[in-house]
Amino acid sequence: MINKEEIENLTQAHEEDFILNVGPQHPSTHGVLRLKIKLQGETVVHIEPHLGYIHRSIEKMCEASSYRNFIYLTSRMDYLSAHINNQACAMAVEKGLQLEIPKRAKVIRILMSELTRLASHQLWWAATGLDLGATTPFFVGFRDREVIMDIFDETCGSRLTMDYNVPGGTMFDLHPNFQKNVHAFLKGFKKNLPEYHQLLSGNIIFQNRTKGVGYLSPEDAVSFGCSGPTARGSGVSCDIRKWHPYDGYEEVQFNEVLETAGDCYARYCVRMKEMEESVKIIEQLIDNIPEGDFQDKTKAVLKLPKGEFYSRVETARGELGVYLVSDGTSKPYRMKFRSPNFSNLSALRQIAVGGKIGDLVANMAMLDLVIPDIDR
Amino acid sequence: MFYDFSILTSKIHSWLLAHCDSGWTTLLEMVIVGLCVITLFVVLGLIFVYMERKVAAFMQFRLGPNRVGPKGTLQAVADTVKLLMKEGFTPQAADMFLFNLAPFIVLSVSMLALAPLPFAKGLQIYDINIGVFYLSAVSSISVIGILIAGWASNNKYSLLGAMRSGAQIVSYELSAGLSVIAIVAFTGSMSLSDIVESQRTGWWIFKGHIPAVIAFVIFIIAGTAELNRAPFDMAEAESELTGGFHTEYTGMRFAMFFLAEYVNMFVVCAIGATLFLGGWMPLHFGNLEGFNHIMDYVPPFVWFFGKTFFLVWVIMWFRWTFPRLRIDQLLTLEWKYLMPISLVNMIIVAFVVIMKWHF
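These protein sequences, in sequence, are chains A and B.
If you're matching positions, the first sequence starts at 135 in our numbering and goes up one per residue.
If you're matching positions, the second sequence starts at 34 in our numbering and goes up one per residue.
Here chain B stands alone, though its shape is the one from the complex (with noise of 0.2 Å):
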């Protein structure tokens, strides 16, 4: 198989046993894995503000950023050094203490989701065997970082925007884990390599039959709303709530916030493209030799990349020409349509995965 990273892993992991003890690798290895993670957020968030200017700009005739560098391409640059330079206010009547807390609290819980997602074939942080649940489990936590963020700012539009987040988020959370757990139920395991293994012979949007696409379609919704976007964006809701729980955030804090949310975004993208696009693996059909052989040229992390940052520009698509939904109705959305059409799919999926009618 070509481009396989299990062999530069395993290459850098006899190396540093070859040179130290076993306590020592692991430390290093947790290092390296370290860098590699703040290095990829860094060049994410970078790649995902500039992305998100230029499709809006694409949406609405303008040109975008321009100036700085070349096409505007260190725009972001420029606004990341100017955000680090304001100054890091605290106003007088948050907690201070808690108030500090929460951007690094949302920002680290967005790096804990990268863990166990498999970029490539062999290059993947963790291979836990729940990596599904523990994907699940690590990314409710950042409700509690703009719970925390809106109650610290002593700020009622902080405090609306903040109790909208953990409604919308705790709703959000439901659909979205039941539409994975059809994945779960076709794969029969949890744990992401082994679900990107199954897609070997087609993606699970296309061997699943239409479960399989009513899950995709309510993961992206719910998806979505997760990530506190537009039209979901309730939490923020600038023309309302002037900011939602992040009013009273300036400079790098805010940053934080701003650069938790792109990482988030791109997480969710990478969970769908990684259970229903089948993640690095190429595009593969059932018993095609010549067709699959000349899809496997391509570098499964061309195929991984690729697909999420498709799914990435769905989701900027939704927020550059959606009107924002009301909190109500948001509630609405998930409890009387998405809820109980995702309890029903999953109805769909165990009795398609009885009869074995999938692929």
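Okay, chain A solo, but in the shape it has when bound (with noise of 0.2 Å):
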């Protein structure tokens, strides 16, 4: 730990020091995130984030807007978990509305909830290549994450932000072609799965770049606030799915990944292995969508009653928070969103000072970090 002196002496600026703006447009931040960094020769000594430059007011503007319409809202924030925050928002105000939802919309949202986990987490794992200096990985993953997406189109009408979930289940049924494509997609996916292993895993470059690089203790993986994979990869137990089972999950038969290295390299192999979970899911479940309703019957104009709801999930980064307050009208009074990106970009700090500038962009790779998350 750097002690309270040293913290004063690297955060006041010298002339003598080499300082360098690791953003707000720099290819390994992946958006607007700035780094202001202090280096000595090579070696990263101090790190500075300034937040902000995507920051649009997203907890504001839900509260200008109904309770049906700002979930679409919140598919901005983690675009690449965009369905999994539609789910928490979804949730929070079906707590309100005390709403048991039907049992084949908990599936479709367990099902899309993990295909978007899968499409991120390729996602990731392709930026990281890029990230590391490897071009290839990054059409790989992308070649996956492609059918994922198509999936995503054919029944939902959109790629990225599907928009789906609507207080009460889901917006749509499943498309006919779903379960015919998703077990397409899973034996492909299984097919080349080794060969991710083979581009970067087991590569003795990325081995040694990652590998006691970025080491995050468990308390302060705590003390820090991180979850998702950048807790658990400290050997923090802290998947929501487990902890707090939302929309069936408990129903479901998969294992928490837990690594204890902490290192950058433990990271990066709880998310592998989150992908073989999640497969894990969606083949328990693929064959065995209930019949029945994909939506609950609710009224056109929603209002909750007077009170305090939260809701949490487990998105492709960690815990996602839905803290919302109403006063009993048809808008939320207060919406407050606990963001794990948010969080876990407070350890970069931690984790990076006294690496090299490679090992700064190797730890943000491992963090996984979508900038629009943070600012909100």
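No wet-lab data here; the hints were simulated from the structure.
Note that CB positions come from ideal geometry on N, CA and C, so glycine has one too.
No false leads were slipped in.
Heads up, incomplete: computed chain A residues facing chain B, CB under 7 Å, no partners named:
1. 154
2. 161
3. 162
4. 265
5. 266
6. 267
7. 268
8. 269
9. 273
10. 339
11. 340
12. 342
13. 343
14. 490
15. 491
16. 495
With a Cα cut of at most 20 Å, we get these calculated EDC-like pairs of lysine to aspartate or glutamate:
17. B:189 x A:176
18. A:490 x B:271
19. B:44 x B:160
20. A:170 x B:271
Mind assembling these two chains? They're in different frames, but the hints should get you there.
Printed below as a string of structure tokens:
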């Protein structure tokens, strides 16, 4: 740990310091994050993240929209887990309405969530390769992601921000081809997964770049509020799907992936194994989609009783919390999102200071940051 | 012997001598050679850009360029025209003179390195008797151009890239040089034409036992590092330094760095092919007369370019499959592994040469 004096010394600017602004436009920040880093040669001695370049005041905008409409704004937070964000919001509203959604809707939601998680991890894997200087993984990752996107396109009419969840279930029923296409995807993906390991996991350069780099102790992971694969890479069990099962996750069999090394490679392994777990979940459900309604009948204008409602889900990056305060009208009185990326970013200084610039890039890649989710 | 270019060159020489005095002859020959080098440069640039994109596409299950010209072969021409039309932007804070000088230094260095290469039998610009020495001397000048580019841009990313490149090229020069010395020890000559001639009975990679193979592997690794190509593209490292030393360069000056990189790649692979894989010498095995004779029917320049392009393909293969190293790992690889191994290898080579164990 760095003590207080050192922090003061580091945060004050000296004339001989080499300050480098990584971002807001930089290939490895994956968006408009700006990191002000202080260098000694190649070694990073201080990092100061500057946020707010893509702040759109989504929380405030939600307060001006009805309970039906605000859900779709949240697709634009963590756009790679758009469906899971929507699910969290829909769940918060359902809690307020005290609505139990039909079984079929639950299963559809889980299926779509896990497909979203897979797509998100595939994109993360692709971008990780690019960040570490390997170009080919980008195409391998996108090849498989494309199939999922097509499946979404068919059912939801949209590829990235699907806006499929509504309070009370899903917006439409599944496309007749859904099961067939998901089976085809699973077959292809299971065949392709060894290729992922050949290209990156087993590569000696990749292992040297990530093993022992960016150590995050379990205590720090908890104190920074890290969640998702970032925390699980440090051995902190925090999978909301296990701890607070929602929408029927209690009925499927899957393991929470935990690694104890706490370095970049551990975070990498967690995500790689999570992909396998997601495949397992989809396999259990795809042939057992219950018949019935895909949506509960709700009123055209939803009004929540006075009170506070909180729902939490496990997105591809960690725990997303939706805190909703209702004053009894048709619009939320106050919305607050607990976004996983913001907390994960806060650990960056802890893990990247003392490393090289290359380590900083590796750390950023393994935190898997989505910048619009940090700023909202 | 078939396909001897010295007949053609001596004919041109005598024709020129018959029409003008010796001073003019030398001058005209220099002009001809210069034109040939520039043509080779352009052709190599076009071929390599196309080849790189096609190889990358092959590795990444894409099609690659396929719109401009037949099978996309004119894509590189279109790109060059685009680069020519672009504004040659000089940042206000940059050192104008050095900023504009740097690409020319880098480009002329790669031109100089073409001089002693034997492209085919009798096709060599200058058969200097210290060819290998000349090559290693000339190739280390390019780092000056890169350092100038990084410094003159007045950009922190450029400066970091240039410093990385300096550390990297200076380090890897050592093991590249040491692995070349292994072949010099086997041959007993620094002249590249002598080295090719000495492989008449077999290439050094076969004749030189294990030390030659080790030297070859080290040469390829060090050569890739000297080229600043992935997985050793520290100087550019687009995900870390957004482009390294050429961040601020645009238009044709950027294209010059680009072209120089590709020609350097050709030079390194040509040296590798000449020293270890026999240059233009066809595949010969000791005293298999019939086999050797059949091999002689393939023209020498086909052999030379075939081997060179094979090595180029290997280096492209590296680039499109490996992640990048970190700067400290890069230097560790050189100083802790490659350098001691090449030193030990040198001793083994000397021992093998003294005991005459090689074929």
